[in-house]
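Chemist: Residue strings, one per chain:
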Amino acid sequence: MTATDQLLFEGADWNFRTLQRICDACEQVAVQELGLDVYPNQIEVITAEQMLDAYSSVGMPLFYKHWSFGKHFAFQEASYRKGLMGLAYEIVINSSPCISYLMEENTATMQTLVIAHAAFGHNHFFKNNYLFKQWTDADGILDYLEFAKRYVAHCEERHGRLAVEHTLDAAHALMSHGIDRYPGKKSLDLRAEEKRAGRRRAHEESAFNDLWRTVPTGPAKSNAILDVERRRQMLGLPQENLLYFLEKTAPRLKPWQREILRIVRHIAQYFYPQSQTKVMNEGTATYVHYRIISRLHEQGRLTDGNFLEFLQSHTNVVFQPEFDDPRYSGFNPYALGFAMMQDIQRIVTDPDDEDREWFPDIAGKGDAMGVLRDIWANYRDESFISQFMSPRLMRHFRMFHLHDDPQERSGILVDAIHDERGYRRLRRELARQYDVGFIDPNIEVVDVDLAGDRRLMLRHTVVKGAQLSEADTKRVLQHLADLWTYDVSLVEVDTSSDKVLKEYVAHPRNIAAVA
Amino acid sequence: MAIHIVDRRLNPGSKSLENRQRFLRRAKALVQGAVKKSSQSRDIKDVLEGGEVSVPIDGMDEPRFRREGGTRDMVLPGNKKFVEGDILPRPNQSGGKGRGAGEGDSEDTFRFVLSRDEFVDLFLDDLELPDLAKRKLAEVESEGIRRAGYTTSGSPANISVSRTVSRALARRVALRRPRPEVLEALEAELLDCTEEERRAELMAEIDALKSKMRRIPFIDPIDIRYRRFETVPKPVAQAVMFCLMDVSGSMTEHMKDLAKRFYMLLYVFLKRRYRHVEIVFIRHTDRAEEVDEQTFFYGPASGGTLVSSALQAMHEIVRSRFRPADWNIYAAQASDGDNSYADGEVASRLLTDNILPVTQFFAYLEVGQENGLSYEMPNSALWTLYEGLRASGAPLSMRKVNERSEIFPVFHDLFQRRGPQERTAS
Chain C
0 MTATDQLLFE GADWNFRTLQ RICDACEQVA VQELGLDVYP NQIEVITAEQ
50 MLDAYSSVGM PLFYKHWSFG KHFAFQEASY RKGLMGLAYE IVINSSPCIS
100 YLMEENTATM QTLVIAHAAF GHNHFFKNNY LFKQWTDADG ILDYLEFAKR
150 YVAHCEERHG RLAVEHTLDA AHALMSHGID RYPGKKSLDL RAEEKRAGRR
200 RAHEESAFND LWRTVPTGPA KSNAILDVER RRQMLGLPQE NLLYFLEKTA
250 PRLKPWQREI LRIVRHIAQY FYPQSQTKVM NEGTATYVHY RIISRLHEQG
300 RLTDGNFLEF LQSHTNVVFQ PEFDDPRYSG FNPYALGFAM MQDIQRIVTD
350 PDDEDREWFP DIAGKGDAMG VLRDIWANYR DESFISQFMS PRLMRHFRMF
400 HLHDDPQERS GILVDAIHDE RGYRRLRREL ARQYDVGFID PNIEVVDVDL
450 AGDRRLMLRH TVVKGAQLSE ADTKRVLQHL ADLWTYDVSL VEVDTSSDKV
500 LKEYVAHPRN IAAVA
Chain Z
0 MAIHIVDRRL NPGSKSLENR QRFLRRAKAL VQGAVKKSSQ SRDIKDVLEG
50 GEVSVPIDGM DEPRFRREGG TRDMVLPGNK KFVEGDILPR PNQSGGKGRG
100 AGEGDSEDTF RFVLSRDEFV DLFLDDLELP DLAKRKLAEV ESEGIRRAGY
150 TTSGSPANIS VSRTVSRALA RRVALRRPRP EVLEALEAEL LDCTEEERRA
200 ELMAEIDALK SKMRRIPFID PIDIRYRRFE TVPKPVAQAV MFCLMDVSGS
250 MTEHMKDLAK RFYMLLYVFL KRRYRHVEIV FIRHTDRAEE VDEQTFFYGP
300 ASGGTLVSSA LQAMHEIVRS RFRPADWNIY AAQASDGDNS YADGEVASRL
350 LTDNILPVTQ FFAYLEVGQE NGLSYEMPNS ALWTLYEGLR ASGAPLSMRK
400 VNERSEIFPV FHDLFQRRGP QERTAS
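Chain order of the listed sequences is C and Z. Following numbering that gives the first Met the number 0, the numbering of the first sequence begins with 0 at its first residue and continues without gaps. Following numbering that gives the first Met the number 0, the numbering of the second sequence begins with 0 at its first residue and continues without gaps.
Just so you know, these hints were derived from the structure itself, not from any lab. All the pointers check out, no bait thrown in.
Looking from chain Z toward chain C, a few residues come up when the C-beta cut is under 7 Å (computed): (1) His3; (2) Val5; (3) Arg19; (4) Arg21; (5) Glu67; (6) Met73; (7) Val74; (8) Pro76; (9) Gly77; (10) Asn78; (11) Phe81; (12) Glu83; (13) Arg89.
Only part of the chain C face toward chain Z is listed, based on derived beta-carbon distances under 8 Å: (14) Gln41; (15) Asp52; (16) Phe396; (17) Asp404; (18) Leu429; (19) Ile442.
Ideal Cβ positions, reconstructed from N, Cα and C, are used throughout, including at glycine.
Modelling step: build the complete structure from the supplied sequences, incorporating the hints.
Modeler: Structure below.
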């Protein structure tokens, strides 16, 4: 009897030896049969309370302190206690080693599922997808978070908690606009980043000379010299990364405030790929756990009972309620992702004529894993859906496209359904739902009024008539003005007509100037 | 590739505690409002179990640039009957607002679970026992110091000479350090000795002993022992609360209920400030007796009214069980204010001579009929009596209460932090 014929475990109980056996068995399937390429794995067993903790600090093992994480904790805890929400079975961190948290309450089958899902599925995706390669630094992130935590604590000690809190609040409000969307800059090296901050501080301390404080600043340069074009170029305008712009050019920020903006910006950037690959990431992990566990069952290493337990959890995870179901809240990324991965596998190994027509490149190619690995590496949700959503799947989900124009009084138009005429339009619209460039409002810094009152001028390009929500915008702009320390204005401009739809102005409060 | 499995379950949990506290601090005003509101509608007992409060998320949300309105396109699953070109009615008027707005609404308030401690803290936050400084038995526990054996490290001031020397002695004996007398004897012998061979022998022995003495010091650092002290909490200040209630025929259930609520608040409040709180329940008609809680509030009793009987009972209990030097004594009296005319004199004397001098605080709560208006109540016999006492500077507070909802405000009013000691909430 070979080792692979032995059961990994029986019943629901597990211990650390079982976990080790499960990991080894999963790894064998994942690496040898599926050809996955993963970061080293670290598996951590935690309690439900620790899982809640991890939730509330965006899933990170360590993070700086801020009240909003406490708010999230309270919120999550309340809904968990009321039973509105189950805890996730797992949290996995894009780092090297890749850390997966397992809850102690899980049964042995669940642990197997989680290990296959997180430690191999997500892990492979993190390591190989181009967005993660481009934007995240798996080796450095844990050290960087440690640094961020220490740095923020240090600032609190030196400059008072309130001042730090104001800065962080403002930075968080702008977090979704602290991202570089286009590569071209060098990729993130967080370890170097941490060293740089340390060196800078040391330098400032060693080079401090009180005398410089008393040097007269002299008359300002004549503004006439700086013509508009040159000024905009010098300031790097237009700039859509608001945090970056503030960090580099806000006139009166203290060095530590700039560093905090930088930390928030780096962390936003670190999470940016995750928001663009939700469907793919979950689809990959779900597909991988399904393959691994089916294989383990085939090998006789899981009992039928355990396999059924797995199938039940798996089915729950990939359940997609229909639009008129009270449980419906958009497409379930697990369901959509998993269905697409399976569909691609089918197209590659067993295509029909329709597939050959729609996917000539991959139909009948035979090597499902090869094709999938290539897709996992080179796409994000938007491009993935726009290229690989098949008519069969659209029929399967019975998708339809609604167009809702508030000007149109009579109602909402059914623009396309899952038929020959509709497939391409459906696919384009669905892909667009996942296009981050489209979801986030497009806001840029367009100019600074250097000749006048140093007003910072922003512009929101209005697409499809969707303007910014007024209350939120005012508050974000207030934060922005506090950091900029002069007036900030924002105009909303319609793309098609170039007409200004609305204008906001915010004046700085004193706190930031004092801080 | 080795997979690393770590058991983190024993790690301290509650990493969020600090964040949670920051949130509470920030939301304090909001949460405090919610706590007070919820305590009005619920039973005090339940309230003090802690629990859920609804916190308006307004002002606690974090703003982002969000888009709303405009034309929307969405792809949905589950089409059963629609064909292209169908026009569907809008679900409701706010159809154009979009799901984003809907999500915002659901977060307008969220229910927030406070632990018992957090709840009570917020509940009692701005209250303070009046006249707390009088006996310096504040909420802060003082710590005493106690000898706790010896240690190998410490401050020079704490070196225990006798212990060190005795250890040094033991070591010297064990290592056979020559005693000075032995050396002296040998040296004396050497002086007297003439025999050459013996002299050399003696000199060698003396040298050996001397070098041994050098090697084995009189006191070695390892001998040194320090006296160890540890801090122990000194016996904590204790408090006793006397609940004096009139249960004569005129007290209705409603009045007793009001009184009970007041006593409970007082109890919880004292419990926060002192480690030991005792409660003594005294009920009286024209006779007073000490009873348990159940009897106090629910036992049937009826009869005339002699307030002085309760005061007398309290005075006797204080004398026999609660030495004023060791105990903080509080009294809360609830009554409808009726008293027999002749008793006023006696009660007044008891209060001024025996009770008020030893109590920290005497609260008098005059409970009225339901739906009555407190300011319309004519001044009762007791009220007039107490007012006279208070005017002469006694530590006595008095309020009239008619409605349940007034209990907390009245309590708050009585125990509100006052004057220059006012601390900033931090």
